[in-house]
Amino acid sequence: MELQGFGHLLISGAWITIQLAICSLFVGLLFGILGATAKLSSSKIAQAIGNGYTLFVRGMPELLLVLTIYFGSSAVLMAIASIFGYDEYIELSPFIAGVIALSIAFGAYATEVFRGAIQEIPKGQREAAMALGMTRFQTFRRITLPQVWRIALPGLGNLFLVLLKDTALVSVIGLNELMRQTSVAVGNTKEPFTFYFAAAMVYLFMTSISMAGLYFLERYANRGYHGARA
Amino acid sequence: MSWEWDVIIEHFPRLLQGAWLTLELVLLSGFAGLMLAIPLALMRVSHRPWLKAIPFGYIFFFRGTPLLIQIFLVYYGASQFEIIKNSALWPILREPYWCAIITFAMHTAAYIAEILRGAIQSIPKGEIEAARALGMSYPLMLRRIILPRAFGIMMPAYGNEVILMLKGSALASTITLLDLTGMARTIIARTYTPLEVFLAAGVIYLIISALIIFLFRYLEKRFNHHQHWPNEKPKDLDPQH
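So the protein sequences, as listed, match chains A and B. Residue numbers for the first sequence follow our numbering, beginning at 310 and rising by one. Residue numbers for the second sequence follow our numbering, beginning at 325 and rising by one.
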């Protein structure tokens with residue numbers, strides 16, 4: 310495949326894509342844990358917030374979410390800033406807006422994965438922790454969370470693959486990630502098929518690496534469980 | 325910050341117009357995708373390695389790359405080749421509408437094929453053996469036993485896939501189509517009220533996905549009619565489970 314010297318452009322774009330995916334993963338995991346905690350909490354208000362979050366975000370296209378965060382955030386941020394007496398124009402950078410939008414989307418699905426994983430941990434363990442005098446936060450951090458990772462890993466892995474592909478949507482708001490750099494190369498060379506196909510191969514490579522990584526992570530997480538679960 | 329209801333009310337008919345195009349895209353590509361997924365899934369469960377390899381490569385490509393790149397490959401990529409430009413296909417591949425439907429159909433077919441494969445493989449073996457014992461040929465078995473059973477089993481997962489496709493259809497707006505997202509973007513370009521219009525569009529998407537969920541609950545009941553007895557579902561009826 311002849312890339313006419315645009316190969317480095319694609320590589321620089323791929324690097325931004327990776328950064329975007331990793332940042333969104335960490336923020337998204339945080340949203341997921343918070344969402345699951347809200348859904349499983351005994352407070353009706355927290356439950357309503359958790360349910361509303363997953364219902365709305367899972368029913369809305371990711372592209373619409375990216376656009377809403379990027380174009381809508383200015384109005385919200387400026388309204389907040391004007392309370393504190395700051396009246397200049399504020400705008401989020403495409404990268405920050407992309408991380409926020411992708412992590413909100415990731416978090417909504419991760420909420421369900423975490424909720425399922427937390428519920429799968431036997432109730433007796435939490436009762437035992439309580440009997441030992443641990444606080445609820447200590448129980449969560451010491452008993453529940455370490456086990457949740459193992460159960461949630463396959464689900465989270467699938468979500469990460471979805472996230473990796475969704476990073477392409479951030480090109481719509483002008484972040485110079487792989488997809489947009491490819492479009493730049495296409496604009497210069499007038500060879501759309503060659504370049505979009507090359508970019509597709511880069512995405513395919515990234516998803517394959519992630520799948521292999523997930524396989525090893527899962528094996529590592531389950532190292533104490535060979536044959537223990539039917 | 326001021327919230328302008330007037331903009332939403334004034335442009336609501338246009339948003340609905342966009343929603344109609346979104347529905348059209350999802351339904352047409354969903355149907356075409358299902359038709360394409362059946363042979364793919366059947367090849368995937370075959371025992372011949374070379375026959376298995378074709379759907380494997382297809383599914384690997386379409387599930388491993390972003391939908392955005394696939395839609396650009398079809399819409400912009402096709403114009404790179406003179407052969408396509410001179411062929412009878414060009415009047416179709418020139419239209420963003422057909423490009424979107426073709427791409428969505430091929431994309432969703434890869435996902436449906438995997439769901440269908442799982443469903444075919446989870447049909448109790450006894451049912452297929454029974455069909456064989458009755459002397460059914462493969463096509464007859466396919467029509468009477470395998471596909472009807474597989475559709476019943478796959479219904480919940482297929483419903484999820486249709487909702488994912490509904491969300492994916494927003495990408496049609498990147499190739500100039502005025503679907504719900506595209507319409508929202510044009511309205512915003514004129515009125516500059518992003519929060520109001522995008523949120524209104526989001527609510528319409530939510531309503532459409534709710535409708536899809538209800539439709540699939542109904543379809544699930546239809547296809548699995550034999551399992552929903554009037555009073556109580558009989559347990560342990562199938563010795564295979």
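Read the hints as simulated data drawn from the structure, not as lab findings. The C-beta atom is built at its ideal place from N, Cα and C for all residues, glycine as well. Where hints are given, some of them may not hold.
Claimed, not checked - Derived Cβ-Cβ restraints for the label pairs, each shown as a range:
(1) B:ALA454 - A:ILE358: 16 to 26 Å
(2) A:GLU311 - B:TYR516: 54 to 64 Å
(3) A:LEU349 - B:GLU453: 42 to 52 Å
(4) B:HIS549 - A:THR498: 20 to 30 Å
(5) B:LEU539 - A:ALA357: 45 to 55 Å
(6) A:LEU454 - B:ARG541: 28 to 38 Å
(7) A:MET439 - B:ARG514: 56 to 66 Å
(8) B:GLU453 - A:THR346: 29 to 39 Å
(9) A:ARG451 - B:PHE384: 25 to 35 Å
(10) B:LEU539 - A:ALA437: 38 to 48 Å
(11) A:LEU454 - B:ALA534: 56 to 66 Å
(12) B:TRP414 - A:GLN313: 24 to 34 Å
(13) A:GLN313 - B:ARG514: 51 to 61 Å
(14) A:ALA437 - B:HIS549: 29 to 39 Å
A quick look at each hint next to the structure:
1. B:ALA454 - A:ILE358: 16 to 26 Å: The hint (16 to 26 Å, Cβ to Cβ) is violated, given that ALA454 (chain B) and ILE358 (chain A) are roughly 52 Å apart.
2. A:GLU311 - B:TYR516: 54 to 64 Å: violated, 43 Å
3. A:LEU349 - B:GLU453: 42 to 52 Å: holds, 45 Å
4. B:HIS549 - A:THR498: 20 to 30 Å: Since the Cβ atoms of HIS549 (chain B) and THR498 (chain A) sit about 57 Å apart, the hinted range of 20 to 30 Å is violated.
5. B:LEU539 - A:ALA357: 45 to 55 Å: violated, 27 Å
6. A:LEU454 - B:ARG541: 28 to 38 Å: This hint holds: roughly 35 Å between Cβ atoms.
7. A:MET439 - B:ARG514: 56 to 66 Å: holds, 59 Å
8. B:GLU453 - A:THR346: 29 to 39 Å: Taking Cβ atoms as reference, GLU453 (chain B) and THR346 (chain A) lie about 49 Å apart, which means the hint is violated.
9. A:ARG451 - B:PHE384: 25 to 35 Å: violated, 41 Å
10. B:LEU539 - A:ALA437: 38 to 48 Å: holds, 46 Å
11. A:LEU454 - B:ALA534: 56 to 66 Å: Distance hint for LEU454 (chain A), ALA534 (chain B) is violated at roughly 33 Å.
12. B:TRP414 - A:GLN313: 24 to 34 Å: Since the Cβ atoms of TRP414 (chain B) and GLN313 (chain A) sit about 26 Å apart, the hinted range of 24 to 34 Å holds.
13. A:GLN313 - B:ARG514: 51 to 61 Å: Since GLN313 (chain A) and ARG514 (chain B) have Cβ atoms about 39 Å apart, the given range 51 to 61 Å is violated.
14. A:ALA437 - B:HIS549: 29 to 39 Å: For ALA437 (chain A) and HIS549 (chain B) the Cβ distance comes to about 47 Å; the hint is violated.
Going through the hint list in order, the structure does not satisfy hints 1, 2, 4, 5, 8, 9, 11, 13, 14.
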